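Chains as they are written, first to last, in numbering that gives the first Met the number 0: chain A, 0 to 290; chain B, 0 to 259.
Please keep in mind that the hints were generated in silico from the structure rather than gathered at the bench. A couple of the hints might just be wrong.
[To be verified] Which bits of chain B does chain A cover? Going by a derived footprint, with three or more residues having C-beta under 8 Å, they are:
1. 98-109
2. 134-143
3. 146-160
[Claimed, not checked] If the Cβ cut is set under 8 Å, some of the chain B residues that face chain A in the computed set are:
4. Ile-55
5. Arg-82
6. Phe-94
7. Pro-95
Keep in mind it's a predicted model, so treat the numbers as computed, not measured. Beta carbons: idealized from backbone N, C-alpha and C, even for Gly.
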Amino acid sequence: MSGIGFGTPIEPEGPAGPAALDMARRGSQRRNAVISTVSTVVFFALVIGVIAASPGANKVLDSFFSTTGFKDSFEPILDGFWLNVKLMLVAEGLVLVLGLLVAVIRSLPGPVLAPLRLVALIYTDVFRGVPLILVIFMVGLGLPALRLEFLSDLSVFTYGVISLVLVYSAYVAEVYRAGIESIHPSQAAGARSLGLTQFQSMRFVILPQAIRRVIPPLLNDFIGLQKDTALIGLLGLVEVARAAENYAAETFNFTGYTMAALLFIAVTIPLARTTDWLILRDRRRMAATAG
Amino acid sequence: MNAATPVLRLERVYKRYGDVEVLRGIDLDVAEGDVVCLIGASGCGKSTLLKCSNLIEPISGGRIMLEGEEITSEQTDPDRVRRHIGIVFQAFNLFPHMDVLSNVTLAPRRVLGMPQRAAEERARDLLDRFGLADKEGEYPDRLSGGQQQRAAITRALAMQPRLLLLDEVTSALDPELVGEVLTVIRELAETGMTMVIATHEMGFARQIADRICFLYEGVILEQGPPERLFGSPQEERTQAFLKRVTEAGRAADLTATDSS
Chain A
0 MSGIGFGTPI
10 EPEGPAGPAA
20 LDMARRGSQR
30 RNAVISTVST
40 VVFFALVIGV
50 IAASPGANKV
60 LDSFFSTTGF
70 KDSFEPILDG
80 FWLNVKLMLV
90 AEGLVLVLGL
100 LVAVIRSLPG
110 PVLAPLRLVA
120 LIYTDVFRGV
130 PLILVIFMVG
140 LGLPALRLEF
150 LSDLSVFTYG
160 VISLVLVYSA
170 YVAEVYRAGI
180 ESIHPSQAAG
190 ARSLGLTQFQ
200 SMRFVILPQA
210 IRRVIPPLLN
220 DFIGLQKDTA
230 LIGLLGLVEV
240 ARAAENYAAE
250 TFNFTGYTMA
260 ALLFIAVTIP
270 LARTTDWLIL
280 RDRRRMAATA
290 G
Chain B
0 MNAATPVLRL
10 ERVYKRYGDV
20 EVLRGIDLDV
30 AEGDVVCLIG
40 ASGCGKSTLL
50 KCSNLIEPIS
60 GGRIMLEGEE
70 ITSEQTDPDR
80 VRRHIGIVFQ
90 AFNLFPHMDV
100 LSNVTLAPRR
110 VLGMPQRAAE
120 ERARDLLDRF
130 GLADKEGEYP
140 DRLSGGQQQR
150 AAITRALAMQ
160 PRLLLLDEVT
170 SALDPELVGE
180 VLTVIRELAE
190 TGMTMVIATH
200 EMGFARQIAD
210 RICFLYEGVI
220 LEQGPPERLF
230 GSPQEERTQA
240 FLKRVTEAGR
250 AADLTATDSS
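Start from the sequences and build out the full structure, keeping to the hints where you can.
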């Protein structure tokens, strides 16, 4: 330890031994923690204060956050939400498969696949461009009107799934494709040089890496899909938004909407955190620096 | 196949990228068990020659034969050909999402259809031979450059290729890691592996090669046994190239002694 800093009061910029530096560092960490805590508390106090002081505060509190409202609306809203969960799960499963198929078709070279590539291109362009709400009407009202045996007598639930899958597969295909194109060509060269076919190289080398890379944006699209299940209510299905609407119509109280919002968040947040954790674990396993 | 048929034969091979002619009529025979080293300045066509031989790059003219059979004709299935020709790249090209064992067993399992146990057995033998026995469960990014390159060589050998192409396999390595990789290649040469090696390591080429080919602007300007090519090169370009390389080497040696 150098003699200069020894025994003198700690000053972060001053000359100091390793132990003194360490203490200084810890001191500044503590100061940072205090500053961020105080600023957070002040910020939220201000926001709550402004809302509470607004002239209609009590009314809003009564109609959106009433205790009896939460209690009474819980059951019908949860019933409705269960339908959304089913829509989410079925649609997400199909979107994962169809999106991947479209992305792989668009990524494979070769003149033989040219017509397929064109179909995939038109599909993604169209369904990324058309608003979901229009697709829901076209599918939900248009397909039954066609009076085709296999397309016109399906349940409203199925029409809802079809609409969601058509729109979101187009988004997800582009996410997958970005991932596929982000893998360096040397990986394909390595795979092909071992005798793997184009398809095997895609299946065993490119896709596993590409999909790992796009999990965060994929999750983003899934959260979008989950929220958009509420639009299927437009076809007359009593899903969560409809259930909240019904509750509001019966009681003139909007707490049902708050309830519905909380249910969506209750699904999204754990999903996001779990994904973060999975990605981190995967990265740790493969990373160069981890101990 | 009779003994005189070369493992690899290039006949008047041309390769163009747009307007640039990278290979301009290459003729080359590589006999069974031969070690041929390609030397020459960067951009002379060494790497392209290897990539064309492995059909990673299509050639623009001429033909290439593997054990007497033309592999550059329309009818050949390049995937079948590549099973028999291993290539190791400068940047390793290991698969980062798989551990070393899976890297090595992927092609034997998926391409040759070997059962997992048999493929793993073969892989472990090879990993053991190249000093990677304790690394089979590691992911490539957690290995040193030298270990990664040895794993890449193992991966190529697991397919039991008839021919191994090495494309400047030590150029991406820290100087202290070059030795361990060269040792592996030396051992392969001793076991009779047929190899074509593009390299900047002149000392190594001299020791290991049966024949040296000096490439200049897409043609093999001069070739012969190492003693002759390094000892008394005939062509002016070869002399100039070797002189430049030796001087650079000496300068590097000098700085190394200075700094130590």
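These are the hints, each one checked on the structure:
1. Coverage of a stretch by a chain is defined here by at least three residues with a beta carbon nearer than 8 Å to that chain's beta carbons; for the region 98-109 of chain B and chain A the count is 3, and the condition holds.
2. Restraint check on the region 134-143 of chain B versus chain A: 3 residues with Cβ-Cβ distances below 8 Å, three needed, restraint holds.
3. Under a criterion of three residues with beta carbons nearer than 8 Å to beta carbons of chain A, the stated coverage of the region 146-160 of chain B is upheld, 3 such residues being counted.
4. A hinted interface residue such as Ile-55/B counts as satisfied when its beta carbon comes closer than 8 Å to some beta carbon of chain A; here the least separation is about 6 Å, so the hint holds.
5. At a threshold of 8 Å, the smallest CB-CB gap from Arg-82/B to chain A is about 4 Å, leaving the interface hint in force.
6. The criterion of a C-beta within 8 Å of any C-beta in chain A is met by Phe-94/B, whose closest approach is roughly 6 Å, and the hint holds.
7. Among the interface hints, the one on Pro-95/B holds; its C-beta lies about 6 Å from the nearest C-beta in chain A, closer than the 8 Å criterion.
This entry satisfies every hint, going by the numbered hints stated previously.
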